[in-house]
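Protein chains: 4
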Amino acid sequence: MTLPPAPRCSFASDNFAGAHPRVLDAVVAANTGHVMAYGADVHTAECEARFRELFGPSAQTFLAFTGTGANVLALATMLKPAQAVVCTNWSHIAVDETGAPERILGAKLIDLPSVDGKLHPEQLDELSHLIGVIHHAQPGVVSLTQSTELGTLYTPDEVAALCETAHRLGMSVHVDGARIANAVAALGGTVAALRSLTVDAGVDVLSFGGTKNGLLGGEAVVYLNSEMATVAPFVRKQVTQLASKMRFVAAQFNALLDDGLWIELATHANEMAALLHRRTVDLDGVELGALPRVNSLFPRLPAAAIEPLREWCFFWDWEVSTHQVRWMTAWDTTVDDVEVFAEGVAKILATCN
Amino acid sequence: MTLPPAPRCSFASDNFAGAHPRVLDAVVAANTGHVMAYGADVHTAECEARFRELFGPSAQTFLAFTGTGANVLALATMLKPAQAVVCTNWSHIAVDETGAPERILGAKLIDLPSVDGKLHPEQLDELSHLIGVIHHAQPGVVSLTQSTELGTLYTPDEVAALCETAHRLGMSVHVDGARIANAVAALGGTVAALRSLTVDAGVDVLSFGGTKNGLLGGEAVVYLNSEMATVAPFVRKQVTQLASKMRFVAAQFNALLDDGLWIELATHANEMAALLHRRTVDLDGVELGALPRVNSLFPRLPAAAIEPLREWCFFWDWEVSTHQVRWMTAWDTTVDDVEVFAEGVAKILATCN
Amino acid sequence: MTLPPAPRCSFASDNFAGAHPRVLDAVVAANTGHVMAYGADVHTAECEARFRELFGPSAQTFLAFTGTGANVLALATMLKPAQAVVCTNWSHIAVDETGAPERILGAKLIDLPSVDGKLHPEQLDELSHLIGVIHHAQPGVVSLTQSTELGTLYTPDEVAALCETAHRLGMSVHVDGARIANAVAALGGTVAALRSLTVDAGVDVLSFGGTKNGLLGGEAVVYLNSEMATVAPFVRKQVTQLASKMRFVAAQFNALLDDGLWIELATHANEMAALLHRRTVDLDGVELGALPRVNSLFPRLPAAAIEPLREWCFFWDWEVSTHQVRWMTAWDTTVDDVEVFAEGVAKILATCN
Amino acid sequence: MTLPPAPRCSFASDNFAGAHPRVLDAVVAANTGHVMAYGADVHTAECEARFRELFGPSAQTFLAFTGTGANVLALATMLKPAQAVVCTNWSHIAVDETGAPERILGAKLIDLPSVDGKLHPEQLDELSHLIGVIHHAQPGVVSLTQSTELGTLYTPDEVAALCETAHRLGMSVHVDGARIANAVAALGGTVAALRSLTVDAGVDVLSFGGTKNGLLGGEAVVYLNSEMATVAPFVRKQVTQLASKMRFVAAQFNALLDDGLWIELATHANEMAALLHRRTVDLDGVELGALPRVNSLFPRLPAAAIEPLREWCFFWDWEVSTHQVRWMTAWDTTVDDVEVFAEGVAKILATCN
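Chains as they are written, first to last, in the working numbering: chain A, 115 to 467; chain B, 115 to 467; chain C, 115 to 467; chain D, 115 to 467.
Rather than coming from a laboratory, the hints here were simulated on the basis of the structure.
Predicted model, so just to flag it, every value in this text is computed and none were measured.
Do not rely on the hints blindly, as some may be mistaken.
For identical chains, the list gives no copy identity; a pair is met inside one copy or between any two copies.
In silico SDA-like links for lysine to any residue, alpha-carbon gap of 20 Å or less [stated by the list, open to error]:
no.	residue 1	residue 2
1	Lys194	Ser340
2	Lys194	Leu244
3	Lys194	Val209
4	Lys194	Asp210
5	Lys194	Ala343
6	Lys194	Asn339
7	Lys194	Thr344
8	Lys194	Glu341
9	Lys194	Gly284
10	Lys194	Ala120
11	Lys194	Met342
12	Lys194	Pro347
13	Lys194	Leu241
14	Lys194	Ser242
15	Lys461	Asp450
16	Lys461	Thr116
17	Lys461	Ala419
18	Lys461	Phe428
19	Lys194	Ala306
20	Lys461	His391
Turn these sequences into a full structure, and let the hints steer you where they fit.
Laid out in structure tokens, this is it:
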């Protein structure tokens, strides 16, 4: 078997990608002598203004380093004593943050089973029996992931229904939007779509992802419910997410939010996943679900194909026991990368059949 | 009074400075398509190797985002249940981290009084009465700051004596080296000096600062006692200090550690502080102590001079009640900046006398 | 419908019962002037010796106030940084402790699904994929409940198999034995049975329940793995479980452990549950499972019967949606209580059919 | 030297004493078959009513096991994220609770220096520079101890002034009243005195001690600011302070609060300390301060006298380096105990001079 040269891009994760040139340029441009530290600089002020443009004048934004850091910051300001966070059993906060929420929040995560990575309002109602009973951690915050860890999407109506139920039950709503841009791209690719999924739906606090969408590194916690932001300036420092040279995080976001770059990059990543789906869905031995909505596919492959394919071009396992893997595209995945990768998949599969 | 145009650099803090051009260049150079995330990349491997060159082959290095994050990571891996951290009442961990250690470590900080920002072995011995008594948090880790928050330095012998005492009492030793480069610069400016202050003295874990010495942002936790590093990979993620695109932190350090840039920059900052001391020590109304060892001065000024001077060129108060302020130089402070600033000080003081 | 007078005892919980007279007598007898506080007294020394008699000469015992307190103390001394506790989705620590473990331990609980309240070795093996992966809290301690929250029992072999698997995977084993006495009573009613379920099976730390078995209030954390006990004296105070007048907790245990009273009381409670089963299993409308092994039954009843029955003699719901309730006997439940209760059940059911 | 037989009581601590007979009788009397667990019983209802009689109709009371537990419960419900507790460097929470507050609250304790064990309003005002600065844990709760760890007392006016200052600065006020009864006894011995020191002075939450004043074991957290009590039912369980058989804690308090027993016992303990002062103050070699207000004395003794005296009748060191010890009386210390102890002190001192 002769394989083509591996694609320039892996299909492992959007965090394998580098930074978009305009993001890097903005960092370089921000490197102009002394400015106030800890966010009292013009770049951060601009960044905060840009987020107010997206979400409305009362939105308050706090930049952070990582998705885990952003989530912990958000939740730490939302939780009251003895409260728990409700999420799915797939959620990043429950599975992929090494217990950071439990350690730093000192709070239980109630991880509800989900087949599609999404929470449903009935599941919140079913927690009612916990409320007011002193032996149970009290459901206090619902945390949804948009787009989900399984590549699915909440519609605006679904988010609104969850918010309505949560608020009725006395809970507030957090969205882990590490890939919120991909969700927005999939649901219209407009600021109106972003708002329909967040502020208009009643979301209280949003982790707005940047790292996976072309930054060197940076996330933003956006308080749509500004009351919850009161303690955020202190809590951000306390949970180790306060950058001293914050201009360099802010400048990245300013480039990303400028002229719709964030939607453009996410749209592209989504399209590359769709292209990869089209190129591989009919291959013998590949079991793929429906066309992906965002930038990830979860194919089942013949067991014998996985390691040769991975050695040629890296990706991660998803469920080892069922030979399911994850292919993920990024802002910088090219059509050529996809074509080459699909060609390699086809060739390797051919040797397995 | 006619003041000259303000200096290009403030004298507020070394974290008001930007990044050194070679650091930025390294970040740009590292932006080459896909690499493994979370540190499994060549830049991080190089960085770890560079730290082994500095500290010896068993040193293990974990990059982090901030000084607070690095300190919390270090301490979280060093503490055992019911133990406390011993530090001074000036220490950054006790005063300037918004309670991050208490929140994330769940541990008490025993902050001993100090006039010079330094701990002394007798103070550790005086804690012996706590040891083994079940009603008291057990002294488990000594954390010293080098250079200290007051701009003073521990000599290698002093660090060794503290380590010897701490180890004899069953405690381990952490050094908060947010400005370790300035200390090394002041004590010889060589790798040998660095080692004499750390690994040779018996230090267990070091927070090695980068942000204040010319990085965009980045710190390193260096385990000289490699046994304590066992859980560090997990704890780093848990305390929100794991970068997904770690190459961009590593590349910064690689530039900083290359060809002694880190010592060069710190030496320069120290020299600028010394120059500022020489230019202002004899001014009427300025009370300055001895020539600074590192990059900070703590002058007392006439009350009336402080606000005009600050409006012209920013710096922070140190002790409001005694009209003491802090002037700090950075890697990018120029001789011209110092001359202009000293001239401004002189002019403003003249109007106050 | 004419109901007989309600039984003297409810069938709600073994913690609705009072203290056994010999326990109270022992408390009164211990009230003899001044003794050393915090456990340095003869009653506590005797108690520790009694536990060494049960578990062997290296067992170390630390008295505590509540089951939650005992569990938290045990786990706090067993966990290392970034580790998680593995338990079932029914476990008291996961469901009924208001998030105390997460708050005080700062650790995730991995609550595995279970139909019978028990963990199985395969479930531990299935966690292997988490081990060594930095994004996941590391399985560190397995906590089983004996007898379980569902009234089931682990056999000695099952405990041994779990310990073997856990230790092989680098985990330690905690047993929440809030009702360990009921388990021992069911599995032979001897000290040998106790040992076969704990120290001989390889259990590291045991929460040995007292409150539910005739004490005023008191639990014991028994370290079978004495290495883990090193920090327990300090951690017990830190987690608020250190009694100053400990003699009064110790004296209770001394009475309970004397002359096999603890087995006698648990055996009786178990027998009363068995009697209740026999008296109600054939009633029309009662769905009962097999003969209970310990002191709880989980009947399904006609919906209309539940409230009238509860008003007459209190008990708790178990699963509201399926009309399942819990009936629990205690050390002081009498044959007469059971006969009267069964009579009332029959009468109320008769009116529902 | 021939010493008399040692006194029946040590002079070590009020927690070396047993329980008052009426307290024990109440526990025995409460042992009447089944009652609802977790405080839904008549004894607890009566106890809550008794505390409302003391503090007014909106006071809410939550029983707990230990002083540390009560303090942690109180503070956990008072603190907001990123806040700190302000106390003295002598305070029990800072010194004698093995870091329980830091671990369970995740909060910093700002322990201000104090020569008399008391906080002063100016000290709170001096913390103003921390308020609103994101690098510092925010002073959120002031915790005073009444009577203090040094045996001193706050007057009602002093408490009111602290409350006024604290509230003006946005802080709430907790009183650690492990020995509040001794303080009340010293300041009039009436319910009016109790109210003047607490609810009338503006205190928000009080830890009301029972164990040191004749209980087997039991403390009460009394919310005078009922808004702060909202989460207390949940937090009490979460911090492991919820008794299942709560009637046995409540019954103890009911006996203690009945007919002024709590004041009677504390008054007696105070008087015994005063008597001991009178009997020893003029002895050669004893350095005693002024007549004690409550039940502790802090004499300096000749070094050679301490061990022989302690071997004869136990007490604790206070400050080893200055040969200062603590003598403490209890509710059950008799005049005869004091006379015998004073005689022994005199004899032993005679041999040292």
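May I ask which of the numbered hints given earlier this structure violates, with the numbers listed in increasing order?
-> Of the numbered hints, 10, 19 do not hold.
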